[in-house]
Amino acid sequence: MAGCGQQFGNHAEPRPAAELVDAVDCTSMERTVESGTQPAPAASPPAAGSIPADFVPFEAILCTAGLETVEDQDGVWSAVAEERLGGNLDALVAALAEPSDGPRPNQACTADMELVPDLWLLAADGKAMRAAWPTDSCGKTKPGVRGVLADLDVLGSSLHKLSLIQSRAALDAGCPAEWSISAVPGGLALAPLTTIPGDGLGQVEPAHPSSGLLPAADDVDALRICGYRTVPEPEPVNGLSPAAGPDTLFDVVEIVSGTFTRGGNLTGPAKDALLQAAAAEPSATDCGAAATEFAALWPVALGQDAGAPLTLELDGCLRLVSMDGSARTVPAELAAAVVSAMAD
564 MAGCGQQFGN
574 HAEPRPAAEL
584 VDAVDCTSME
594 RTVESGTQPA
604 PAASPPAAGS
614 IPADFVPFEA
624 ILCTAGLETV
634 EDQDGVWSAV
644 AEERLGGNLD
654 ALVAALAEPS
664 DGPRPNQACT
674 ADMELVPDLW
684 LLAADGKAMR
694 AAWPTDSCGK
704 TKPGVRGVLA
714 DLDVLGSSLH
724 KLSLIQSRAA
734 LDAGCPAEWS
744 ISAVPGGLAL
754 APLTTIPGDG
764 LGQVEPAHPS
774 SGLLPAADDV
784 DALRICGYRT
794 VPEPEPVNGL
804 SPAAGPDTLF
814 DVVEIVSGTF
824 TRGGNLTGPA
834 KDALLQAAAA
844 EPSATDCGAA
854 ATEFAALWPV
864 ALGQDAGAPL
874 TLELDGCLRL
884 VSMDGSARTV
894 PAELAAAVVS
904 AMAD
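One rule links them: number in the numbering used here = place in the sequence shown (from 1) + 563.
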(Lines of atoms letter the chains of each structure in order from A and count residues from 1; the text may use other names and numbers.)
(Lines give C-alpha, C1' and ligand atoms only; values in the text may rest on other atoms or scores of the structure.)
Protein backbone atom coordinates (compact mmCIF):
# COMPACT_ATOMS: atom_id res chain seq x y z
CA MET A 1 0.00 0.00 0.00
CA ALA A 2 1.43 3.37 -0.98
CA GLY A 3 1.26 6.50 1.13
CA CYS A 4 1.58 10.14 0.21
CA GLY A 5 4.76 11.57 -1.27
CA GLN A 6 7.00 13.52 1.11
CA GLN A 7 8.39 17.01 0.95
CA PHE A 8 12.12 17.55 0.76
CA GLY A 9 14.48 18.17 3.64
CA ASN A 10 12.75 16.24 6.44
CA HIS A 11 15.35 13.52 6.99
CA ALA A 12 18.61 14.57 5.30
CA GLU A 13 19.48 17.28 7.83
CA PRO A 14 22.44 16.48 10.12
CA ARG A 15 21.41 15.05 13.47
CA PRO A 16 22.38 17.22 16.46
CA ALA A 17 24.23 15.67 19.37
CA ALA A 18 22.03 13.89 21.89
CA GLU A 19 21.22 15.43 25.25
CA LEU A 20 23.15 13.82 28.11
CA VAL A 21 21.33 12.91 31.33
CA ASP A 22 22.30 11.25 34.59
CA ALA A 23 20.50 7.92 34.12
CA VAL A 24 18.54 5.75 31.72
CA ASP A 25 14.77 6.14 32.18
CA CYS A 26 12.62 3.87 30.03
CA THR A 27 9.44 5.20 31.64
CA SER A 28 9.97 8.59 30.00
CA MET A 29 9.80 7.16 26.49
CA GLU A 30 7.54 8.88 24.01
CA ARG A 31 4.22 7.13 23.49
CA THR A 32 3.74 5.49 20.10
CA VAL A 33 -0.04 5.79 20.49
CA GLU A 34 -1.48 8.35 22.89
CA SER A 35 -4.33 7.21 25.13
CA GLY A 36 -6.81 9.46 26.84
CA THR A 37 -6.84 7.16 29.88
CA GLN A 38 -3.08 7.07 30.34
CA PRO A 39 -1.21 9.93 32.01
CA ALA A 40 1.63 11.68 30.26
CA PRO A 41 5.16 10.56 31.17
CA ALA A 42 6.35 12.00 34.49
CA ALA A 43 9.30 13.56 32.69
CA SER A 44 9.84 14.35 29.04
CA PRO A 45 12.48 12.15 27.43
CA PRO A 46 15.79 13.85 26.66
CA ALA A 47 16.35 14.86 23.06
CA ALA A 48 17.64 11.98 20.95
CA GLY A 49 20.55 12.59 18.62
CA SER A 50 23.99 11.54 17.50
CA ILE A 51 26.70 10.36 19.88
CA PRO A 52 28.71 13.30 21.28
CA ALA A 53 32.43 13.20 20.48
CA ASP A 54 33.50 12.65 24.10
CA PHE A 55 30.81 10.05 24.91
CA VAL A 56 32.03 6.43 25.01
CA PRO A 57 29.16 3.94 25.43
CA PHE A 58 29.73 0.61 27.13
CA GLU A 59 26.11 -0.61 27.28
CA ALA A 60 22.99 -0.26 25.12
CA ILE A 61 19.44 -0.31 26.48
CA LEU A 62 16.28 -0.94 24.45
CA CYS A 63 12.97 0.37 25.83
CA THR A 64 9.85 -1.10 24.23
CA ALA A 65 6.25 -0.20 25.13
CA GLY A 66 3.92 -2.83 23.69
CA LEU A 67 1.36 -5.10 25.32
CA GLU A 68 3.48 -5.78 28.39
CA THR A 69 1.66 -5.71 31.72
CA VAL A 70 2.66 -6.07 35.36
CA GLU A 71 0.33 -7.27 38.11
CA ASP A 72 0.86 -6.40 41.77
CA GLN A 73 -1.22 -5.74 44.87
CA ASP A 74 -2.71 -2.62 43.27
CA GLY A 75 -3.85 -4.33 40.07
CA VAL A 76 -2.64 -4.57 36.47
CA TRP A 77 -0.33 -1.93 35.03
CA SER A 78 0.79 -1.20 31.52
CA ALA A 79 4.54 -1.56 31.38
CA VAL A 80 7.61 -0.77 29.33
CA ALA A 81 10.18 -3.51 28.74
CA GLU A 82 13.86 -2.72 29.30
CA GLU A 83 16.56 -4.90 27.74
CA ARG A 84 20.23 -4.30 28.55
CA LEU A 85 22.74 -5.23 25.84
CA GLY A 86 26.52 -5.45 26.07
CA GLY A 87 29.61 -6.53 24.17
CA ASN A 88 31.70 -4.71 21.60
CA LEU A 89 29.71 -1.59 20.73
CA ASP A 90 32.01 -0.35 17.95
CA ALA A 91 29.73 -1.70 15.23
CA LEU A 92 26.71 -0.08 16.91
CA VAL A 93 28.48 3.28 17.11
CA ALA A 94 29.31 3.01 13.40
CA ALA A 95 25.74 2.07 12.46
CA LEU A 96 24.32 4.99 14.43
CA ALA A 97 26.73 7.37 12.68
CA GLU A 98 25.25 6.50 9.26
CA PRO A 99 23.44 9.55 7.86
CA SER A 100 19.72 9.54 7.25
CA ASP A 101 18.45 9.74 3.67
CA GLY A 102 16.38 12.61 2.37
CA PRO A 103 13.15 11.92 0.48
CA ARG A 104 13.36 11.46 -3.27
CA PRO A 105 11.25 13.40 -5.81
CA ASN A 106 7.67 12.13 -6.17
CA GLN A 107 8.39 9.27 -3.81
CA ALA A 108 5.63 6.98 -2.55
CA CYS A 109 6.12 5.20 0.76
CA THR A 110 4.29 2.38 2.49
CA ALA A 111 1.62 3.53 4.92
CA ASP A 112 2.48 1.06 7.70
CA MET A 113 3.46 2.43 11.11
CA GLU A 114 6.87 1.32 12.31
CA LEU A 115 7.20 0.69 16.04
CA VAL A 116 10.64 1.95 17.02
CA PRO A 117 11.93 1.28 20.55
CA ASP A 118 13.86 3.89 22.44
CA LEU A 119 17.59 3.17 22.20
CA TRP A 120 19.69 4.43 25.08
CA LEU A 121 23.47 4.35 25.42
CA LEU A 122 25.15 4.30 28.82
CA ALA A 123 28.71 5.43 29.57
CA ALA A 124 30.95 4.12 32.34
CA ASP A 125 30.52 7.32 34.37
CA GLY A 126 26.72 6.82 34.48
CA LYS A 127 25.86 9.43 31.86
CA ALA A 128 23.18 8.32 29.41
CA MET A 129 21.73 9.45 26.09
CA ARG A 130 18.95 8.54 23.67
CA ALA A 131 20.28 7.62 20.25
CA ALA A 132 18.58 8.77 17.05
CA TRP A 133 17.99 5.94 14.57
CA PRO A 134 19.24 6.60 11.02
CA THR A 135 16.27 6.60 8.66
CA ASP A 136 15.75 5.90 4.97
CA SER A 137 14.09 8.13 2.42
CA CYS A 138 10.64 7.16 3.76
CA GLY A 139 11.53 7.97 7.35
CA LYS A 140 11.74 4.28 8.34
CA THR A 141 14.73 3.05 10.31
CA LYS A 142 17.61 1.61 8.33
CA PRO A 143 18.35 -2.08 9.01
CA GLY A 144 21.94 -1.57 10.13
CA VAL A 145 21.25 -0.66 13.77
CA ARG A 146 18.74 -3.48 14.32
CA GLY A 147 21.17 -5.99 12.83
CA VAL A 148 23.97 -4.92 15.16
CA LEU A 149 21.68 -4.94 18.21
CA ALA A 150 20.66 -8.52 17.43
CA ASP A 151 24.30 -9.61 17.71
CA LEU A 152 24.92 -8.05 21.14
CA ASP A 153 24.81 -10.01 24.39
CA VAL A 154 21.65 -9.73 26.50
CA LEU A 155 22.78 -8.72 29.99
CA GLY A 156 19.34 -8.55 31.59
CA SER A 157 15.75 -7.47 31.19
CA SER A 158 13.04 -5.94 33.35
CA LEU A 159 9.57 -4.40 33.22
CA HIS A 160 8.72 -0.93 34.53
CA LYS A 161 5.18 0.07 35.49
CA LEU A 162 3.58 2.95 33.60
CA SER A 163 -0.17 3.30 34.22
CA LEU A 164 -2.72 1.39 36.30
CA ILE A 165 -5.17 -0.04 33.78
CA GLN A 166 -7.21 -2.38 36.00
CA SER A 167 -7.52 -1.92 39.74
CA ARG A 168 -7.22 -4.76 42.22
CA ALA A 169 -10.86 -4.24 43.18
CA ALA A 170 -11.95 -4.66 39.55
CA LEU A 171 -9.80 -7.77 39.15
CA ASP A 172 -11.16 -9.37 42.32
CA ALA A 173 -14.72 -8.58 41.25
CA GLY A 174 -14.17 -10.05 37.77
CA CYS A 175 -15.04 -6.73 36.16
CA PRO A 176 -13.61 -4.70 33.29
CA ALA A 177 -11.88 -1.50 34.35
CA GLU A 178 -14.15 0.55 32.09
CA TRP A 179 -17.63 0.22 30.62
CA SER A 180 -19.43 2.33 28.05
CA ILE A 181 -22.86 2.66 26.53
CA SER A 182 -23.85 4.59 23.43
CA ALA A 183 -27.11 6.40 22.90
CA VAL A 184 -28.89 8.81 20.60
CA PRO A 185 -29.88 11.86 22.70
CA GLY A 186 -33.61 11.88 23.31
CA GLY A 187 -33.96 8.42 21.81
CA LEU A 188 -34.46 5.00 23.30
CA ALA A 189 -31.79 2.93 21.59
CA LEU A 190 -28.58 2.23 23.46
CA ALA A 191 -25.86 -0.34 22.92
CA PRO A 192 -23.18 -1.41 25.38
CA LEU A 193 -19.53 -1.22 24.40
CA THR A 194 -17.87 -3.95 26.39
CA THR A 195 -14.58 -5.42 27.49
CA ILE A 196 -13.83 -9.01 28.35
CA PRO A 197 -13.34 -9.44 32.12
CA GLY A 198 -9.90 -10.57 33.11
CA ASP A 199 -8.13 -9.54 29.89
CA GLY A 200 -5.95 -7.21 31.95
CA LEU A 201 -5.94 -4.51 29.31
CA GLY A 202 -9.25 -2.73 29.82
CA GLN A 203 -9.59 -2.14 26.09
CA VAL A 204 -13.11 -1.39 24.89
CA GLU A 205 -14.53 -3.56 22.12
CA PRO A 206 -17.99 -3.34 20.55
CA ALA A 207 -20.41 -6.01 21.70
CA HIS A 208 -22.26 -8.12 19.17
CA PRO A 209 -26.00 -8.52 19.79
CA SER A 210 -27.52 -11.98 19.91
CA SER A 211 -31.04 -12.79 20.98
CA GLY A 212 -29.86 -16.18 22.24
CA LEU A 213 -27.45 -14.73 24.81
CA LEU A 214 -30.08 -13.84 27.43
CA PRO A 215 -30.73 -16.87 29.67
CA ALA A 216 -33.97 -17.51 31.48
CA ALA A 217 -34.18 -16.36 35.10
CA ASP A 218 -34.46 -19.96 36.36
CA ASP A 219 -31.19 -20.88 34.62
CA VAL A 220 -29.15 -18.17 36.35
CA ASP A 221 -27.80 -18.40 39.91
CA ALA A 222 -26.78 -14.75 40.21
CA LEU A 223 -26.01 -11.56 38.36
CA ARG A 224 -22.44 -10.42 38.88
CA ILE A 225 -22.56 -6.65 39.31
CA CYS A 226 -19.87 -4.33 38.01
CA GLY A 227 -20.61 -0.76 39.06
CA TYR A 228 -19.32 2.29 37.19
CA ARG A 229 -19.36 6.04 37.68
CA THR A 230 -19.61 8.10 34.52
CA VAL A 231 -16.59 10.04 33.34
CA PRO A 232 -17.27 13.81 33.10
CA GLU A 233 -17.49 15.24 29.61
CA PRO A 234 -14.38 17.13 28.45
CA GLU A 235 -14.36 20.88 28.79
CA PRO A 236 -15.32 22.80 25.63
CA VAL A 237 -12.37 23.83 23.48
CA ASN A 238 -12.21 27.56 22.61
CA GLY A 239 -15.73 27.96 23.94
CA LEU A 240 -17.17 25.43 21.50
CA SER A 241 -19.09 22.44 22.80
CA PRO A 242 -18.52 19.12 20.98
CA ALA A 243 -22.30 18.64 21.00
CA ALA A 244 -22.96 21.87 19.12
CA GLY A 245 -24.04 21.57 15.52
CA PRO A 246 -23.69 17.85 14.65
CA ASP A 247 -22.96 17.26 10.99
CA THR A 248 -23.61 13.53 10.72
CA LEU A 249 -25.42 10.75 12.52
CA PHE A 250 -22.16 9.80 14.20
CA ASP A 251 -21.96 13.29 15.71
CA VAL A 252 -25.39 12.75 17.29
CA VAL A 253 -24.57 9.44 18.98
CA GLU A 254 -23.34 9.90 22.54
CA ILE A 255 -20.92 7.48 24.16
CA VAL A 256 -21.12 7.52 27.94
CA SER A 257 -18.13 5.91 29.64
CA GLY A 258 -17.60 4.95 33.23
CA THR A 259 -14.80 3.72 35.45
CA PHE A 260 -15.16 0.85 37.90
CA THR A 261 -16.21 1.73 41.44
CA ARG A 262 -17.36 -1.48 43.15
CA GLY A 263 -18.81 -4.91 42.52
CA GLY A 264 -21.25 -7.37 44.01
CA ASN A 265 -23.71 -10.18 43.31
CA LEU A 266 -27.47 -10.03 42.93
CA THR A 267 -29.58 -13.10 43.73
CA GLY A 268 -33.17 -13.94 44.60
CA PRO A 269 -36.30 -12.14 43.42
CA ALA A 270 -34.48 -8.98 42.29
CA LYS A 271 -32.26 -11.07 40.01
CA ASP A 272 -35.29 -12.81 38.55
CA ALA A 273 -37.15 -9.52 38.06
CA LEU A 274 -34.27 -7.95 36.13
CA LEU A 275 -33.90 -10.94 33.81
CA GLN A 276 -37.64 -11.05 33.24
CA ALA A 277 -37.64 -7.33 32.46
CA ALA A 278 -34.81 -7.82 29.96
CA ALA A 279 -36.80 -10.56 28.22
CA ALA A 280 -39.91 -8.37 27.91
CA GLU A 281 -40.72 -6.08 25.01
CA PRO A 282 -38.76 -2.79 24.95
CA SER A 283 -40.62 -0.25 27.05
CA ALA A 284 -38.28 2.64 27.80
CA THR A 285 -40.01 5.99 28.15
CA ASP A 286 -38.72 9.12 26.47
CA CYS A 287 -36.26 10.54 29.00
CA GLY A 288 -33.39 12.97 28.77
CA ALA A 289 -31.97 12.62 32.29
CA ALA A 290 -28.30 11.69 32.25
CA ALA A 291 -27.15 8.79 34.40
CA THR A 292 -24.16 9.36 36.67
CA GLU A 293 -23.86 5.70 37.64
CA PHE A 294 -24.62 2.46 35.86
CA ALA A 295 -23.90 -1.23 36.29
CA ALA A 296 -23.03 -4.11 34.00
CA LEU A 297 -24.90 -7.25 35.06
CA TRP A 298 -23.34 -10.57 34.04
CA PRO A 299 -25.50 -13.73 34.30
CA VAL A 300 -23.69 -16.46 36.25
CA ALA A 301 -24.63 -20.16 36.48
CA LEU A 302 -22.61 -22.83 38.28
CA GLY A 303 -19.79 -20.35 38.78
CA GLN A 304 -19.45 -19.55 35.07
CA ASP A 305 -20.63 -16.68 32.88
CA ALA A 306 -23.92 -17.80 31.37
CA GLY A 307 -24.87 -15.08 28.92
CA ALA A 308 -24.33 -11.59 27.64
CA PRO A 309 -24.29 -8.71 30.12
CA LEU A 310 -27.07 -6.24 30.68
CA THR A 311 -26.45 -2.58 31.48
CA LEU A 312 -28.61 -0.81 34.05
CA GLU A 313 -28.66 2.93 34.69
CA LEU A 314 -28.69 3.34 38.47
CA ASP A 315 -30.07 6.88 38.26
CA GLY A 316 -31.23 9.15 35.48
CA CYS A 317 -33.74 7.28 33.30
CA LEU A 318 -33.28 3.87 35.02
CA ARG A 319 -33.03 2.06 31.69
CA LEU A 320 -32.09 -1.62 31.46
CA VAL A 321 -30.19 -2.10 28.21
CA SER A 322 -29.82 -5.42 26.42
CA MET A 323 -27.00 -6.37 24.07
CA ASP A 324 -29.16 -5.64 21.03
CA GLY A 325 -29.49 -2.02 22.14
CA SER A 326 -33.12 -2.24 23.22
CA ALA A 327 -34.04 -0.53 26.48
CA ARG A 328 -36.65 -0.97 29.16
CA THR A 329 -37.41 1.36 32.05
CA VAL A 330 -37.28 -0.53 35.35
CA PRO A 331 -38.82 0.36 38.72
CA ALA A 332 -36.64 2.37 41.07
CA GLU A 333 -36.70 -0.46 43.62
CA LEU A 334 -34.83 -2.74 41.19
CA ALA A 335 -32.07 -0.18 40.73
CA ALA A 336 -31.98 0.24 44.51
CA ALA A 337 -31.60 -3.54 44.93
CA VAL A 338 -28.54 -3.50 42.67
CA VAL A 339 -27.01 -0.62 44.62
CA SER A 340 -27.73 -2.42 47.89
CA ALA A 341 -26.10 -5.63 46.62
CA MET A 342 -22.90 -3.72 45.86
CA ALA A 343 -22.89 -2.26 49.38
CA ASP A 344 -23.21 -5.64 51.08
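Since the hints were made in silico from the structure, they are not lab data.
Among these hints, one or two may not hold up.
Stated by the list, open to error - For each label pair, taking beta carbons as the anchor points, the in silico distance ranges come out as:
1) ASP878 with ARG731: 24 to 32 Å
2) ALA654 with GLY689: 18 to 26 Å
3) PRO894 with ASN828: 19 to 27 Å
4) ASP585 with GLU661: 49 to 57 Å
5) ALA654 with GLY866: 25 to 33 Å
6) ALA580 with LYS705: 14 to 22 Å
As the list claims (entries may be wrong) - Calculated cross-link-like contacts (lysine-lysine; reagent style DSS-like; alpha-carbon spacing at most 30 Å):
7) LYS690 with LYS724
8) LYS690 with LYS705
9) LYS703 with LYS724
10) LYS703 with LYS690
Idealized CB from N, CA, C, for every residue including glycine.
Against the structure, the hints:
1. Separated by about 27 Å at the C-beta atoms, ASP878 and ARG731 satisfy the suggested range of 24 to 32 Å.
2. Distance hint check: the CB atoms of ALA654 and GLY689 are about 24 Å apart, consistent with the given range 18 to 26 Å.
3. Checked against the given bound of 19 to 27 Å, the beta carbons of PRO894 and ASN828, roughly 20 Å apart, stay inside it.
4. Between ASP585 and GLU661 the beta carbons are some 28 Å apart, a value that contradicts the proposed interval 49 to 57 Å.
5. Distance hint check for ALA654 and GLY866: the Cβ-Cβ separation is about 57 Å, which falls outside the suggested range of 25 to 33 Å.
6. Between ALA580 and LYS705 the beta carbon distance is about 20 Å. The supplied range of 14 to 22 Å therefore holds.
7. As the CA atoms of LYS690 and LYS724 are separated by approximately 23 Å, the hinted pair is consistent with the 30 Å bound.
8. The suggested pairing of LYS690 with LYS705 holds, with an alpha-carbon distance near 26 Å, which does not exceed 30 Å.
9. Under the criterion of a C-alpha separation no larger than 30 Å, the hint pairing LYS703 with LYS724 is consistent with the structure, at around 28 Å.
10. Proximity of LYS703 to LYS690 is assessed by CA-CA distance (about 28 Å); at most 30 Å being required, the pair is judged to hold.
Hints 4, 5, counting from the list given before, are not met by this structure.
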